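Undergrad: One-letter residues, chain by chain:
There are 4 protein chains.
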Amino acid sequence: MSPHKRIRLGMVGGGKNAFIGAVHRIASRIDDQYDLVAGALSSTPETALASGRELGLAADRNYPDFETMAKKEAARADGIEAVAIVTPNHVHFAPAKAFLEKNVHVICDKPLTSTLADARALRDVVRRSKAEFLLTHNYTGYPLMRQARALVASGALGAIRVVQAEYPQEWLAQPLENSGQKQAGWRTDPARSGMGGCVGDIGTHAYNLLRFVTGLKTEALCADLHTFVAGRQVDDNVHILLRFEGGARGMLWASQVAPGHENGLMLRIYGEKAGLEWVQAEPNKMWFCPLGQPRQLLTRGGAITTAGEGAAGAGVRIPAGHPEGYLEAFATLYTEFAQVIRTGKGGEMLPDVDDGVEGLEFIVAAVVSSRNNSQWTVLGEA
Amino acid sequence: MSPHKRIRLGMVGGGKNAFIGAVHRIASRIDDQYDLVAGALSSTPETALASGRELGLAADRNYPDFETMAKKEAARADGIEAVAIVTPNHVHFAPAKAFLEKNVHVICDKPLTSTLADARALRDVVRRSKAEFLLTHNYTGYPLMRQARALVASGALGAIRVVQAEYPQEWLAQPLENSGQKQAGWRTDPARSGMGGCVGDIGTHAYNLLRFVTGLKTEALCADLHTFVAGRQVDDNVHILLRFEGGARGMLWASQVAPGHENGLMLRIYGEKAGLEWVQAEPNKMWFCPLGQPRQLLTRGGAITTAGEGAAGAGVRIPAGHPEGYLEAFATLYTEFAQVIRTGKGGEMLPDVDDGVEGLEFIVAAVVSSRNNSQWTVLGEA
Amino acid sequence: MSPHKRIRLGMVGGGKNAFIGAVHRIASRIDDQYDLVAGALSSTPETALASGRELGLAADRNYPDFETMAKKEAARADGIEAVAIVTPNHVHFAPAKAFLEKNVHVICDKPLTSTLADARALRDVVRRSKAEFLLTHNYTGYPLMRQARALVASGALGAIRVVQAEYPQEWLAQPLENSGQKQAGWRTDPARSGMGGCVGDIGTHAYNLLRFVTGLKTEALCADLHTFVAGRQVDDNVHILLRFEGGARGMLWASQVAPGHENGLMLRIYGEKAGLEWVQAEPNKMWFCPLGQPRQLLTRGGAITTAGEGAAGAGVRIPAGHPEGYLEAFATLYTEFAQVIRTGKGGEMLPDVDDGVEGLEFIVAAVVSSRNNSQWTVLGEA
Amino acid sequence: MSPHKRIRLGMVGGGKNAFIGAVHRIASRIDDQYDLVAGALSSTPETALASGRELGLAADRNYPDFETMAKKEAARADGIEAVAIVTPNHVHFAPAKAFLEKNVHVICDKPLTSTLADARALRDVVRRSKAEFLLTHNYTGYPLMRQARALVASGALGAIRVVQAEYPQEWLAQPLENSGQKQAGWRTDPARSGMGGCVGDIGTHAYNLLRFVTGLKTEALCADLHTFVAGRQVDDNVHILLRFEGGARGMLWASQVAPGHENGLMLRIYGEKAGLEWVQAEPNKMWFCPLGQPRQLLTRGGAITTAGEGAAGAGVRIPAGHPEGYLEAFATLYTEFAQVIRTGKGGEMLPDVDDGVEGLEFIVAAVVSSRNNSQWTVLGEA
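Residue numbers (this note's numbering), protein chains in the order written: chain A, 1 to 382; chain B, 1 to 382; chain C, 1 to 382; chain D, 1 to 382.
Simulated from the structure, these hints should not be mistaken for lab results.
Heads up, a few of these hints could be off.
To be verified - List of simulated lysine-lysine pairs, DSS-like, C-alpha gap at most 27 Å:
hint	chain 1	residue 1	chain 2	residue 2
1	C	130	C	345
2	B	102	B	130
3	D	285	C	285
4	A	285	C	5
5	D	130	D	182
6	C	130	B	16
7	A	273	B	16
Source: prediction; values computed, not measured.
Bound conformation, chain A alone (with noise of 0.2 Å):
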């Protein structure tokens, strides 16, 4: 690595009590691409300011609201280059809306936005701005699934069948929004995490994960989505069948009641010459099935990926054996999005503005097909 100046990062939201915009801080660390110097860390001003003072932020870089900071730091000679946004999802256009109007590069947290219109929205003042984007669907920072990508992109696979996603957990499987949990409220509330419940929360991460690794386009999906704990407003189980383009089939469960998981995110792909199965609590091996074959346990910096299957070595830190985790995978996206900032190149791995709003059409999609009595459905056109 050559020398370097740390990008000045911004965050909104990810105050007391909030769980991911720790994550957020840690992972800009890892690597020493950022420094954070700058915050509006809740939407309740004296929290926010309490947390400012918490973490160390300068008294006159710890601001109240997003406007405000997005308003003086533009007006900084060292204002923050780009935002950290962390706030939930309802809260995510309005702030990236402001900082990217003052190009200041965005790195916002998924769901890109609680609405598909909010997306489209803000896709197009994306597109508007000259600063980045970046969209934190962390999972495919992960080393085995660039890995993953890399050999089916290579053929490893031959032409892809089937692919089978799920993220089952349990923490929702009883009336937990009931009890105060903040991250359990906001998930449930339909006028903060938009029409889906668990779909949103974790269905479209397994869904961005198939896609980023496959890079199968969806034809249609066929949903049917249920909510099991009375009194919920939005699903908390989730069965898609999905439909490629090309002829591949899939289908994705997530639920958030299901005893025994706690992050069961996994994903499996069968091809017409080898499979490959990959959960994320175990991140650091892979399963590569070769027809006909034994099964071969692949481990991220293991053999494979060092004799050079191809881009899979990225963000790989440590050697072979000494397990990286989530923390690492998530870092992996804010160190290359850093070099996007610096240079304006590479990123190809990145989950962008677009992943966004396909994230909000497989929602909005999942969603009316259910509704549908789950009459097959083409994203994006709902």
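Assemble chains B, C and D onto chain A, guided by the hints.
TA: Here is chains B, C and D on its own, set in the frame of chain A:
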């Protein structure tokens, strides 16, 4: 076990190069409840007789065809008491009917028949006969599947919400049927297999097993069946959504084109209070996942089972830690059926002709739904 | 398989409440090579006779003791051809000698005897007898252990460097022998078990298996045996270092006080070019680890085996993916021994009386080394 | 976390092509407790300076050697408060002494030094210094190893009986040191590594971890060290028997010639009431095995941990199900040490100079025992 005389057993099918016939013979011997004394081991008389000689059948009980066997055995004082039918699907109905009408007990491989009409007709034959009927959905004989059923029935999982069943294989990823391989040949020929390919061959196993364990009654299904191998006349990949009475939801995936899978039957069940997960390839262990607590690894014959969690001990021949397998599970069906034959009682856990009819209804509903663009379809109404 | 007459089998021991006798009976039936026609099923005459009645033995071949059985069966034209000895260790020698001297083939449970002197004396008896002798070190019957042996012999691992064998159990973590439990009782009584406890009961299994697979000859061992349960008269935990001819090194751990383990037999072998790892509780899979390449998961009957990697196919009854277990492995020994009995040929992979003597030498060397403060001790010299 | 100023950190070693230096730098950043402001990054002055420029060190704090750095930094008002020493073993002592005598806190990689005499001398230096000392036995930073320690201390396992520790690798199965590979070079050179090869490099990690978790004091060890690769000057395979005060027994295997293993550190502990099993390659899960009950799979941050089973929560940054890895465990040591530096309190779980001396005593005892034909040898007396 009290002193016993072995049951005199005949066999239809299962001659040279057959797979499942040998399995039935071993299963019949493991617990010493049967003597194989007669057979019509192939639909080709010469092969039948040669096969019988190899197995050491007495010359006068080694028959060229099942009709002769049914007639002559019925006329003997020491005629067979039971017969195992291990032919391709389209040759289940006629011999089953012939022997049942002679009041010979029938052990029939699955699926019950090659058409739903035959299945229903056979059900009537069974009802009129004094003889008993066993359908060898052998996976129900695994001790931990019985443990699972007992756990569900006991309420340990609470109300079931989600059922995920799957049965992937790789063996038909290429057009093996064109090579003259006998097993592949009849399984991909609608005239012998019936209207379902993968859905009938292994989809029914997964479906039967989820019904056995959960007891949930199916309301409707929504299917997307597909044929990936060019020229194949039946489906080789099956994606099905399920809705059960009471509101539970399910997914079923069966595939014969999934590289990396030999017989990847897996059953996962999630209730309000706990989840269960089991994989056939490692049948001596099962995950029990109480909500909010660590996962527990139950073992066949292990702690919880012997602590009297219910009827699950059935079929455990050796203590925990020494694995039992497929043949023992199969043998358990034979052994329990022997008890039914002797006493006219028991057999509550044995798959019967009603399960067989249900299997055909499942196949037909899946094919019809798929043809109707994945419309929700009620079983038995198609 | 060609037409056959079953071998007439007798049994010594294995009556009510016995464990291993039932295993032997099932093993003898699985491949239909034996008929159990006579028995002296307990050292208590009343129990022997009652047990024989339960099993349906003819009254005149249901004997009160093995001496009577040996004498009377030898006098019958249809007397037994082979006998299975399934008594506690100290009652192996006398019946084995009695039957061998009548030229009845002997199938004997392990360890061979309770003392090394008896073992050596029995070896002489075997050498003088026309009858064949099988020692049921049953784990050698697992198809993948034969595959492992073939892989080592083929040079696929290169020269062996390190062998790690272990066999942990939990069942004697408390003084179960004080509760009247029969299996625990004789195994912890030196008068019946011999000078070794855990080392004889399961340590010999691990040792025999590593010898079977690697073929390495032991140079010396260094042992630390310990008794954790107060009042127990034999060892219940075994730590042994091994040195093999040619320079390979090994470790062997056996324990009966390891919570979490049912029958945790594991064998790991590392050569210059590759490693192998296998766990008995999941016997249908084995890791093959070529240096510098991804691990491969071999399966019983799977790709590499059937691709003709050698003699490993033996004992595979059903295709890959449907698990075989402990009873099938046991049955393979019985079936191959039947072939030896009929033809006087074959049986190269069957454990014999020499393996039995070696097992006793291993036990004695381990106990002696441990008493001598873990001094390196040569097998057979103690 | 309350507002904080970062600790000013220097580094000795860790320049171009170094592995562990980069790990230390990431670890120092993850929780935002340190600023790297000075370095003497190589023993070759040109490499040191070039490496510092790459990392963006200010020119006046980018030193050609550690002596200069110690002197100049001590003279600055804003001089470093702590220094990380990440050189080969034989260059730990001198810089550690130099900085401790300037009262700069020291973070030192393991093993403590290359000789026991140095280790003891350094212990005296630490005792005389006002500065704190951290030895980065990083595996102790894994949350589940802390959970394990808490479980043992709580009595959940009962009295410990058996400890099985192992650390196999494959990377030195061939004479990699002859290829010019830097990491292999110094690790196999007694002049730089010390008298132990594998036993010092990874054996000490396994030993330190078992001591950390169990708290058992070692009575004596019995070792068989071996060198398999021709021409290698240090051991590459380590077999050790252990006896602990109170009667527990243990085994330790470390190997650098075991194909299939990247960093296969595994710790298994069996007590009177329960067992624990953990594998470093999958550090987010651990088996807890209560005697006579099903195994439980504990997860990092999962149910039992958060239910307050003790001090185990430390170091958990993200909720269960999203894996943390090696870098996070490493970071936890850095972060807790920052707290010690700031407050002079805490750090009870941090490895210190006494652990370092013990590590050298372990190495020396192992080598001496092995040379004395595996004689039982007391640590610290050799």
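Undergrad: Take the hints in turn and mark each one as holding or not.
TA: Now for the hints, and whether the structure bears them out:
no.: 1; hint: C:130 - C:345; in the structure: 13 Å, holds
no.: 2; hint: B:102 - B:130; in the structure: 9 Å, holds
no.: 3; hint: D:285 - C:285; in the structure: 23 Å, holds
no.: 4; hint: A:285 - C:5; in the structure: 52 Å, violated
no.: 5; hint: D:130 - D:182; in the structure: 35 Å, violated
no.: 6; hint: C:130 - B:16; in the structure: 36 Å, violated
no.: 7; hint: A:273 - B:16; in the structure: 32 Å, violated
Of the numbered hints given earlier, the model fails hints 4, 5, 6 and 7; all others are met.
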